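Chemist: Given chain A's structure and the hints, the job is docking chains B, C and D onto it.
Residue numbers (our numbering), protein chains in the order written: chain A, 883 to 1219; chain B, 262 to 547; chain C, 1489 to 2023; chain D, 2 to 323.
If you are wondering where the hints come from, they were derived from the structure by calculation, not from laboratory data.
Quick caveat, the model's predicted, so the values are computed rather than measured.
Ideal Cβ placement from N, Cα and C applies to all residues, glycine included.
Treat each hint with caution, since some may be false.
[Stated by the list, open to error] Per label pair, the in silico range of CB-to-CB distance:
hint : chain 1 : residue 1 : chain 2 : residue 2 : range
1    : D       : T186      : A       : R1137     : 23 to 31 Å
2    : D       : E157      : A       : R889      : 53 to 61 Å
3    : A       : A1082     : C       : D2002     : 55 to 63 Å
4    : A       : R889      : D       : I67       : 48 to 56 Å
5    : A       : L954      : C       : G1569     : 53 to 61 Å
6    : A       : V1010     : D       : I67       : 43 to 51 Å
7    : A       : V1010     : D       : L80       : 24 to 32 Å
8    : D       : E157      : A       : A955      : 56 to 64 Å
[Said to hold, decoys possible] Stretch by stretch, here's where chain B covers chain A in the computed footprint (C-beta under 8 Å, at least three residues):
hint : stretch
9    : 1017-1023
10   : 1157-1165
11   : 1200-1214
[Claimed, not checked] Some chain B residues judged to face chain A by a derived CB distance under 7 Å, without partners named:
hint : residue
12   : P307
13   : L357
14   : T361
15   : L364
16   : A389
17   : V527
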Amino acid sequence: MFGLLARRLAAALPTLAGVIVVTFLMTRALPGDPAAYFAGPAATREAVEEIRRQLGLDQPLWVQFGDYLADLARGDLGLSITTGQPVLADIAQRLPASAELTLIGLLIAAGFGVPMGVAAALRPNSWVDHLCRVIATAGVSLPTFFTGLLLVYVFYYQLGWAPAPLGRLDAFSSPPPQVTGFYLIDSLLAGDIETFTGAAAQLALPALTLGIFALAPIARMTRGSMLSVLSSDFIRAARAAGLSGNTIVIRYALRNALLPVVTTLGMVLSFLLGANVLVEKVFAWPGIGSYAIEALIASDYAPVQGFVMAMAILYVALNLVIDLAYQAIDPRVRIEA
Amino acid sequence: MSASAAAGGTVGHIRHVLSENPVTGLSFGLFGLLVLTAILGPSLVPYDPLASSDAALAAPSAKHWFGTDNLGRDVFARVVVATRLDLGMAFAAVALVFVTGTLAGVAAGFLGGWTDRIVGRVTDTIMAFPLFVLAMGLVAALGNTIANVIYATAIINFPIYARVARTEANIRREAGYIEAARLAGASTLAVMLFEVLPNVLPIMMVQVSLTMGYAILNTAGLSFIGLGIRPPTAEWGIMVAEGAGYIVSGEWWIALFPGLALMLAVFTFNLMGDGLRDIVDPRRRT
Amino acid sequence: MISRRHILKAGTAAALGTVASAPAIHGAAAQSRRETLLLISENPPNSTDIHGVGTNRPAYEASWNLYDRLMTFGVKKDANGVDHYDYTKLEPELAESWNQTPTSVTFKLRRDATFHDGSPVTAEDVKWSFDRALAVGGFPTFQMRAGSLEKPEQFVVVDRNTIRIDFIRTDKLTMPDLAVPVPAIYNSGLAKRNSTAADPWAMEWLRANPAAGGAYRLERWVPGQEMVFARFDGWRSGKRPDLARVIWRIVPQAGNRRALLERGDADISFDLPAKDFQELAAARRLKIVGTPVENAMQYIGMNVNRPPFNDVRVRQAIAFAIPYQRIMDQVAYGTAVPLFGGPAQPADATWPQAHPYVTDLDRAKALLVEAGYANGFETTFSFDLGLASMNEPISVLVSESLARLGIRTTINKIPGANWRNELLKKEMPLITNTFGGWLNFPDYFFFWAYHGQNAVFNTMGYQNAEMDALIEKSRFTQNEAEYTDAIKGFVAKAFTDVPRIPLFQPKLMVAMRDNIDGYRYWFHRQLDYRVLTKG
Amino acid sequence: MSQPPLLSVEDLSVEFRTRSGTVRALEAISFAIARGETVGVVGESGSGKSVTAYTVMRLLDDAARITSGRIMFGGLDMLGADAGTLAELRGRELSMIFQNPRASLNPIRRVGQQIADVLLRHANVGAKEAGERAVALLAEVGIPEPSRRAKAYPFELSGGMCQRIGIAIALACRPALLIADEPTTGLDVTTQATIMDLVSELGRARGMATMLITHDLGLATERCDRVVVMHAGHVVEDAPTAALFAAPRHPYTARLFAATPRPGLALSEISTIPGGLPDLRRDDLPPCRFSTRCDRRRDACDAPPLPRVTHQGRLVACHNPL
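With the rest of the complex left out, here is chain A (with noise of 0.2 Å):
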């Protein structure tokens, strides 16, 4: 166990620095200058060079790149001008809040994937089978920030049944006390039901657009291993023993064909990260990926830099997350382990 562990971070090291090293410099790169904006709205140029020289700006670029390491390795990833706040303590913040909403949006887009796999696999070629890929790629097809903003329009502006879109909680709530930074988990460990339903409420737009988004991945990874579990051996052996439909269907071929569904979780959950983005803005989340949005069009890149670290490392936990779950559901990879 701890020594797949160790593998795994040593595998990811080389893929964690080239993030580092890209990153830098595509940071330096931006447009922006922060020597310009902590010069004031009315210094003149001199000023300016004259805070670029304090902030270290005119270094050669591997100085500046060692200072950037060695901060790295104090765990200083810097101060966000937009927020004024240091970036660790932003994204330890913030980090729950789009962890949450990708979650969530990631258990309906399975909720319903699967099911549509599982119903497209039984009758492949069937109207059923057409109309479950139909949807799924119309999900997919989608830009976020429009279905969004067409949920918002329909769902609050228009009916009325979804709260304001302003972010995790409505404005004259609390946020639970801080277990998980989950707000859903923290309030029911509260026993605040209250606050349970209005994070819950909060929730259901924006997690219903990445789950939109993220349905087609899922229904099609479903169908597909479905249909590759349920024309094999085992399977045909089992309805030769007899047994019930939802015996084979769910305890003998779902199970087999969520082995790789699992694995392509991993894939959407990082694609979802990246996607929620835009979600993020449109519905006022006070996530990582509005924060890195608001910060790379703003040039400042102290945020930037760490949001993608943050997003790095996070990849490489959710592979080993998902190498854990696979042991977990299938033997075999347990046994040889």
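Modeler: Chains B, C and D in isolation, oriented as in the chain A frame:
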């Protein structure tokens, strides 16, 4: 089997796939429509897509099918004319990554060794980024131009191509005809380019159709946040972004129609990709 | 001196402290909505300390409501009956009275004034605060200097409740400059306790921890998301505010902000597109107030040092080619005062005022031919992406109109962070931009925007000896007639040479629910919670 | 035979629709199996043996179409039965063991549980009893340490073990007919014999009829009462083992015999069957699908229909039998 029989077989196979999957036929039809719109669109539209007028924010009518935007420009004309740009950008990006990604992947899969390791590292590093944010960062860093949007879109799609091509080349590495070509004295490069590559191409063509949709979404997403396209150029993403502010005040048509066009285009390419995969590689249908 | 380390390396502890304190107020949600104002805006404040490095505009609002100053401005009704700060009247805030002589002013502080932590406000606190504004550099120091407040020796503690400010020159801006947001009064004892050897002015700590004594205290701040203010019941510097609590939420999408206001989920916002203000005003479902922003304008600037805009005929041609009315109708939507089609010569000594140009493509064409550009030319039209909602449609309409003269423009959107940098370089040939000054004097505007000192706001790089002479005269003359003539002179010059083409004077628009009263327009364009009431 | 057979297949034709055309997999085949009888179905790969088995089990996939015929099993019309009836029947009255035993087991379910699943479904027992009986069955099929092995996953067991599990599943509910589809393919020779012994032994003990599908004519003659020879979707010969062994009448059967290694036959004497199976997608298949490979072919062979002559309890489908 004779050549004509083989050709007949392919046609028959395509016919079979289409009859089994009417949705694919529909996607081919839509694709034709999109391409025609991209080619002929600018000469067909009733209004200059860039000309403002006093008839601002007019609702859809017989005169303005999709209404007009905040500057009185005809939304229908803009949506139609934008087809060429949106498809063009996505196509350029996909063409770029098709060439580079396929070559890199084939080299990695066929040669193995350090080539494989380098390509693997590059793809891993790209994959570790949240792709949309990487694209944003690249465009912001390289400069806010259409060309850079295309490069950024190509870069974030690189891992998909490199990985698929790598797998396919790797499978074929030990194939009989490769051995035969090698024994016949062909150089490694020649074997790779003339034996492996042509065999990998059909599968990569399927990827083209599948990633076209993603490329369109990506370029539109970038222009949604103000990167890439310069006003007053008509482009679907930026039109949705501009129209977004008008939805709440009831002028839904400004965002809705470009949004629908965007969706339709992506939808077409995704469905077509599925269909092409059926034709090229029936076993892999998912 | 600012070190990069210093700025970019944050007091992690301070920020985490803010976050961790959130649960402590859990349960305050029950507070009645009637006493709570929900304010929404597009951009978040990044500090509570107006002296902080890189403090953004929304943070001025936080500072204004958290901190007190010695004096504040009076109030008057504007033409529409809306409360408007009165530049001519200074009123007591922390100072209960003052005595001004030609060489100094002496303030008596309120004896009963305390900071939020209960410690009394003393002259030492005032001295420390003003010293700090001068010491930290950047914007606060610049703003203090605008009122000839330049040296720490000018601030003299007379006794515990008395402070004297010595003048280094006669400056009509000194007294008003003491009532702007920058000279806020800090709790020096608290701040010093949280300073370090490396950070003697507690810059890091004060960013998230106000050491203030104003009408509101900071209840919670989740950076980038919300700031919550609670009324400070020990406030003595004015009438007890009506609102017990103010929740300020960040809502990035304009459409969502409108929806929130219309559905009654939010109470007030400045940040709506012009068109929404126009429609909401027409629908009468919300109270919409628009006040022309003093000394401010949206304009087209041309780089006078480069061809083709070094030729005044080309600049005049452009001024005749702008589709002014269409911009008013389709961009400003009535939220602005037009600045075109005025009389041939300046009518009075006010600023901004309408210039004589109107849309006349024939005259524009004739001028271009005369200048040798019969076939037009190619150029780039740049604007700040951060203000795209106004700038982008303006640039589209202008470039479409220029295209009729054969002038082919490429529109260049510059990210907000880079805009100031590009302005500093003074290389952009053609821009649209907005500029305004806090201090409402024509000569103040011209000194920054047209003077040969070539400040960053002189985005056109315009330098003209005659212009400079008129501006200098207006700044220092004591003679009213001479002052008026000088202003009319430089305004006329600005319109003839036309390095910048004024388009309109924007209005500061605010939308609020019907039950919100007491809104007051301030030159700093931020909301004053203290005077708002909710019925 | 006064008693009706346990299974009768009459005039059965099956087609597959594929992307490349229609495959006429079975054409008008007939045969029967009596209670307690062991019948071998023999032929090359692709001759339609497995399709026959799956058709009887009604386990064909969606691409298959039964174009004619009737299958009666214990008085039930199998082709007319609904899905529920069939599912009740399978595993209880009619069960099957497969070639490639490991692939026929659910890879991520413990083998004891897989046996118990069948018992729970058909045997009207509770979970606990099903578990116990599963262990007992494992013991019965000769698996040592059955209670430990019950907790194993298929990949932890050898191929032979897996096939024993397959047999345990198939026999769990004492079916009347067992279809064994090449049950020993892929197993080593000694295991092959043990498995076959097990099938015969348990079958005999339970009075069970067995349909043994194999390409190995030797194995069939060794184990079966009667042998049905199939070629390219036709039943070409159907005879009691002894009679068939003594004198094959169809040229294909004879060829098969010649191609089967047996004791006392030198390797050089083993002949191969020339040509391959015809492409069953062709529209112009000759009435006798063996005619292209047959050295006894005459012009009459091209004239439809294919004769199906039954004489003294043995059937031969040939114009020019031996």
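Chemist: If any of the earlier hints don't hold here, list their numbers in rising order.
Modeler: Per hint list: 2, 3, 6, 8, 11, 12, 13, 14 and 15 violated.
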